[in-house]
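One-letter residues, chain by chain:
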Amino acid sequence: MKPAFSVIFLTTLLGAGQGLFLALFTHQSYALFGLLPMQSDAFYGYGSVIALLLLGGGLIASFFHLGRPERAWRAASQWRTSWLSREVIALPVFMGMIFVYGVSHLSGFRPEVVTLPSGMLIDLSVVIGYIGTFLAFVLFICTGMVYACLRFLREWYSPLTVINYILMGGSSGFILAAFYAALAAPSQTYFFVGWALIITLLAFVGRIASLIRNARLKPKSTMQTAIGVKHPHIVQRSMGSMGGSFNTREFFHGKSPAFLRTIKPAFLLLAFVVPLLMLAMGTFSPSLLGLVFVLQYIGLLAERWFFFAQANHPQNLYYQTIG
Amino acid sequence: MTQLALVIDLNVCVGCHACVTSCKEWNTSGSAGPLCDENPFGADPTGTFFNRVQTFEIGQYPNSETLHFPKSCLHCEDPPCVPVCPTGASYKRKEDGIVLVDYDKCIGCKYCTWACPYGAREIDEKEKVMKKCTLCVDRIYDQSLAEIDRKPSCVKACPTSARLFGDIHDPESEISQAIREEGGYPLMPEWGTHPANHYLPRRKTKLKIHMDELERADNPLKVDGQLPKPAKGAPSMDDASAW
Ligand code: SF4
Ligand code: SF4
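Taken in sequence, the protein lines are chains X and R. Under my numbering, the first residue of the first sequence carries the number 1, and numbering increases by one thereafter. Under my numbering, the first residue of the second sequence carries the number 1, and numbering increases by one thereafter.
Keep in mind that the hints are not guaranteed to be accurate.
[To be verified] Listed next, the in silico DSS-like pairs over lysine-lysine satisfying Cα-Cα at most 30 Å (straight line): (1) R:K128 x X:K2; (2) R:K151 x R:K126; (3) X:K264 x X:K220; (4) X:K220 x R:K92; (5) R:K110 x R:K128; (6) X:K2 x R:K110.
These are computed hints drawn from the structure, not numbers from a lab. Model, not experiment: these values are computed from the prediction.
Construct the complete structure from the given sequences, taking the supplied hints into account.
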């Protein structure tokens, strides 16, 4: 498939935004149970603003993918059958929930909802936080399923696609949270770094697993089934057009196999190995964590490029030779 | 239930592209708007087509054959392109099984093309909506046309009648019979899309002559002379006489 930059930015920015929110609320939940010191409202509030900015950036990127963005609202109508439609609904609902979460912290409007028998006070921001956490996972599943539900694209047709979207988004978000904490609440940095290490490691394992799986795939469709002729030697002599078509532009990445072979170790290093090593060094200055986040984000962009380029669509069998 | 479809006889197709041009002509002039082209007279002409004729070489020289292969939307009975559409612009008509795109609803997200294993959909790069074969839905029901013209444009154009049109759910239709009796097959059956369009295979008409067919078994001239030669006026049917 041809990697579309709108979708690469959409999925990576959403992942970082969702991960950041999950990181913030994980911290608040720990603090609620007294496992960590509760931070100021501003910490959670401004953190939500950053998450919202990332999600908004993703939303804007998504519009560049559409031929008719002015009709985008129509995309919410087929949620019964289409994962893309479900994603289109889940994203603004999730953003709305983060907005309320952020406002609740920044305005200090945190009315008590219930006091548990143990004496624990559950206020509005906690309730919203749990709903937001649930929605973050809903959105991850929708985004992953947009790709994982296409049975012809066998490189994507696997639960690993969804799992990896969750893990890579989580890794990116927790690293960003560590950077943010190093600036805004330095005493809490180690908490986010710890989780970032665990999630990044899991993401690394998940991505390697999907690379191994994809390397072993055997194509289901062949030249023989594509045109229904039983013969071991079938060669296309003409695809029916000389100047290319939508089918040659949308489904081929157009880069050399050598480029593909280079980008794979590059993204594995940048998105996983380098961040893991840098986080494991144990010195958490804001500039170092900022650098980790940026390097990893570049790695994730390359990872997403590869994710699309590696998927081999069966329609390509019909578009091999211009002549 | 009706499921309209095309059956394409690969044994007859000569690869002349008449169906391609006739399809383009009809569908670029209709009320749904043009099928846009880019650089039509430039170095890299490209454009939107519903139908393409491709050419394949089967076998290796000198034992090779050329196969011309027209390809358009197959109007799958279980179309994977429809449920993925987020807007409902792609739909399959209940009454005749035609898969259509509502150009007024489509947002041009191209997701349906990812879900079609056959590459049958092409985005119109100027109108920015998805386009695909409509089986000439604006033609086959048009009462103002003579009945003989109420067929898809490609079917009318084919000089060798390689394209048949009809209802594959009617066992008596011409195309159902052709599929049944001439080995009609669907493309990429492995995906369970149940394409409505079928293809008839290339066939070689070979005459097989056995040795005994080269000899007149009943030896009418009696050249072996074992039976008396009949008189000239005697009946001349093989089994009754020697003439
Ligand atoms: S051929 Fe492709 S576009 Fe046509 S109905 Fe089947 S899946 Fe959909
Ligand atoms: S491109 Fe149009 S028809 Fe295709 S899935 Fe998107 S909205 Fe539906």
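Structure-based check of each hint:
1. Distance restraint check for K128 of chain R and K2 of chain X: the Cα-Cα separation of roughly 18 Å lies within the 30 Å cut-off, and the hinted pair is therefore satisfied.
2. As the CA atoms of K151 of chain R and K126 of chain R are separated by approximately 28 Å, the hinted pair is consistent with the 30 Å bound.
3. At most 30 Å may separate the alpha-carbon atoms for a hinted pair to count; K264 of chain X and K220 of chain X meet this at roughly 24 Å.
4. Note on K220 of chain X and K92 of chain R: the hinted pairing holds, with a Cα-Cα distance of about 26 Å set against a maximum of 30 Å.
5. Between K110 of chain R and K128 of chain R, the direct Cα distance comes to roughly 10 Å. Compliance with the 30 Å bound is thereby established for this hinted pair.
6. Between K2 of chain X and K110 of chain R the alpha-carbon distance is near 12 Å, which keeps this suggested pair within the 30 Å criterion.
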